[in-house]
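*Asks:* Once you have looked at the hints, place chain B with the ligands on chain A.
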Amino acid sequence: MNFELTKEQRMIRDMVRDFAKAEIEPYARELDETHSFRKESFDKMGELGLLGIPFPEEYGGAGGDIVSYALAVEEIGRACGGTGLSYAAAVSLGATPFYNFGTEEQKQEFLVPMAQGKTLGAFGLTEPNAGSDAGGTRTRAYIDGDEWVINGEKCWITNAEYSRQVVVTAVTGQNEKGRNIITAIIVPTNTPGVTIRSNYQKMGVRASNTCEIILENVRVPRENVLGDEKKGFGQFLNTLDGGRISIAALSVGIAQAAFEKALAYSKERTQFGQSISKFQGISFKLSDMAMEIELARNMVLKAAWLKDNGKPFKKEAAFAKLFASEMGFRTCNKAIQIHGGYGYMAEYDVERHLRDIKLMEIGEGTSEIQRVVISRLLGC
Amino acid sequence: MNIYVLVKRTFDTEEKIVLNGGAIQEDGAEFIINPYDEYAIEEAIQVRDAQGGEVTVVTIGGEDAEKQLRTALAMGADKAVLINTEDDVEDLDQYSVAHILSEYLKDKDADLILGGNVAIDGGSGQVGPRLAELLGINYVTTITNLEIDSDTVKIVRDVEGDSEVIETSLPLLVTAQQGLNEPRYPSLPGIMKAKKKPLEELELDDLDIDEDDVEAKTETVEIFLPAEKEAGRVLQGELKDQVKELVQLLHTEAKVI
Ligand SMILES: Cc1cc2nc3c(=O)[nH]c(=O)nc-3n(C[C@H](O)[C@H](O)[C@H](O)COP(=O)(O)OP(=O)(O)OC[C@H]3O[C@@H](n4cnc5c(N)ncnc54)[C@H](O)[C@@H]3O)c2cc1C
Ligand SMILES: Cc1cc2nc3c(=O)[nH]c(=O)nc-3n(C[C@H](O)[C@H](O)[C@H](O)COP(=O)(O)OP(=O)(O)OC[C@H]3O[C@@H](n4cnc5c(N)ncnc54)[C@H](O)[C@@H]3O)c2cc1C
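Sequences listed follow chains A and B, in order. Residue numbering for the first sequence follows my numbering, starting at 1 and increasing by one per position. Residue numbering for the second sequence follows my numbering, starting at 381 and increasing by one per position.
Think of the hints as simulated: they come from the structure by calculation, not from any bench. Possibly wrong hints are sitting among the right ones.
Calculated pairs, SDA-like style, for lysine to any residue (alpha carbon to alpha carbon, straight line, at most 25 Å) [as the list claims (entries may be wrong)]: (1) B:459 <-> B:561; (2) B:597 <-> B:471; (3) A:7 <-> B:410; (4) B:488 <-> B:551; (5) B:573 <-> A:18; (6) B:573 <-> B:428; (7) A:21 <-> B:597; (8) B:447 <-> A:13; (9) A:118 <-> B:567; (10) B:447 <-> A:118; (11) B:447 <-> B:573; (12) B:396 <-> A:118; (13) A:261 <-> B:393; (14) B:577 <-> B:446; (15) B:577 <-> A:13; (16) A:7 <-> B:488; (17) A:302 <-> A:358; (18) B:534 <-> B:567; (19) B:396 <-> B:607.
Non-contacting residues of chain B with respect to chain A, defined by C-beta distances greater than 12 Å in every case (computed) [what the hints assert, rightly or not]: (20) 448; (21) 545; (22) 599; (23) 610; (24) 628; (25) 629.
Cβ coordinates follow ideal geometry from the N, Cα and C atoms, glycine included.
The following block holds chain A by itself, in its conformation from the complex (with noise of 0.2 Å):
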């Protein structure tokens, strides 16, 4: 066993740190207030390589590993959830489809840019009636010719405007059982047809980007077809099992901002005479709070470590995402409460975290599809 960072680890998160804490952090009161995306502090992230960070050289990446960038994604977090959501967004559900799937000329013609940070990339799994069961996907697409046709609705996702391209999942057909056959298609957002709105008025993550795109007869060449036609479905599942350790990293960055803000508050605030650190009920609450924000740092980082081994993470990294984001959601309710009515306005910001952080319960697989996750690999 080795709990320690390797070197280059420990610079990657101390440079995050560093980097979120001039470039992000100070915006984030600002864009959460005007729902806005910030495209400077990606374009700067892709200068320095974050949008690469798990893919090698050849593909525009950095050659790091999933350890480094869940550090990554945790420090982005702390700064700003909004920001951090559409980081963790754009390396895990926009281009590690292409790393994954991808053939060597749609790596070389999308993952590159993407990774260099000269666009982001989306995922469009979810629609207004499909979300946990995306088996009930209604987007369906025809060959026509060489060319796919494309019609339906995709909702809530993350980053569209800013992508050059979003990957859709629709229907092309049926098994033998009669289930349907789920197909990923590239279609580069500029495509005739293809609406993108963000007119969302979201609880929190607002820094984040986040569409509706309306698909109306989009033609896409037959080769845009990313992976295996016929699974579809097995690949975002797949692609959804990483990017459940960078929502689980998340979390964890945006708990810890909230901790350090309850920490600092209580020992400054006194009321009855002493700093509200002294209460018991306060001191508890903060020892809760850094323990399990530990607990859930080393779940996340046990989690990336199998993937980078090759070992299977399925299982570990729902537990991560389960258990970070709720205990998140548990830190920054009480990050408020220890702040008392102070925590309560959105000056101290510990309310945008509770705000922010209730997103991780829902994306990419609500708690609940968590535990059904789960539940299956106990053999339940």
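*Replies:* Frame of chain A, contents of chain B with the ligands only:
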């Protein structure tokens, strides 16, 4: 251009510092590259990129300083040298450090040596000037701008907030002041490449230095944290009386007049 940068690993003074038995507790403290040295590294990289050549970062310290050297390599320096004194000497002061560095640098034909204006821990600001003196080369401290045109060097230096323009020539040692540049973050590709860049480790023996010759000339007698800032006092009453009271307090309590 043959460029050397002097780098020190220091604790982060923005983090909480804990004293234990008269020494700073290293466990749990955060360690960084001395911030003024970061300006020196950045400037060295910019000079090399404009004029060609090679940047070598040098530090004196223990094994742990490798992380700071690797960070400098990740920013873009070409080579690193760790002069490891861990097993040889306990206390180094500005005399010892300048002496060791001069022994290392005396036959290196450095065109330009850059260092920080001070280290934020010891704060002596002496290593640079002492080293230049030992090497017998020109030096300029607290610089905020550097222009090199073949052998002529034009420098702006900060003199307590004012600027002084100086012309000098290579070989030269300069120490960096805040404002010289904006140090870059080490990029991801930079961090990955730094792994493969050469990092040489030397001991005093390798430099033919006798431990006794670099023994510190000064002794640290005591280390303590600044007194906690007390709450300010707001004077009350007529303005005239307040002024009187203030002057009196400055005499009797603060004892500054
Ligand atoms: C800000 C944001 C960003 C997003 N980004 C993306 C993106 O980039 N790409 C993308 O494809 N999607 C994205 N999503 C969609 C997200 O993945 C879905 O919201 C999520 O999968 C849940 O689906 P749903 O909202 O349709 O909820 P539903 O599936 O309708 O679930 C409603 C409730 O029922 C529960 N439930 C459902 N099935 C079961 C079951 N079998 N057992 C027990 N309980 C169950 C759920 O846990 C939940 O509590 C995003 C969503 C948001 C809010
Ligand atoms: C929207 C809003 C409306 C409000 N309206 C009114 C109003 O109309 N009139 C009015 O007078 N006030 C009002 N308030 C103020 C409200 O009553 C206070 O916020 C509340 O009493 C808590 O006080 P505090 O915010 O100063 O927190 P603090 O007292 O500083 O408490 C901070 C934390 O320390 C804990 N703590 C404090 N003392 C102890 C102890 N001895 N042991 C253990 N834990 C302790 C608290 O439980 C809390 O978790 C309002 C507040 C809000 C946010």
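*Asks:* Of the numbered hints stated previously, which ones are contradicted by the structure, given in increasing order?
*Replies:* 7, 10, 12, 16, 18 and 20
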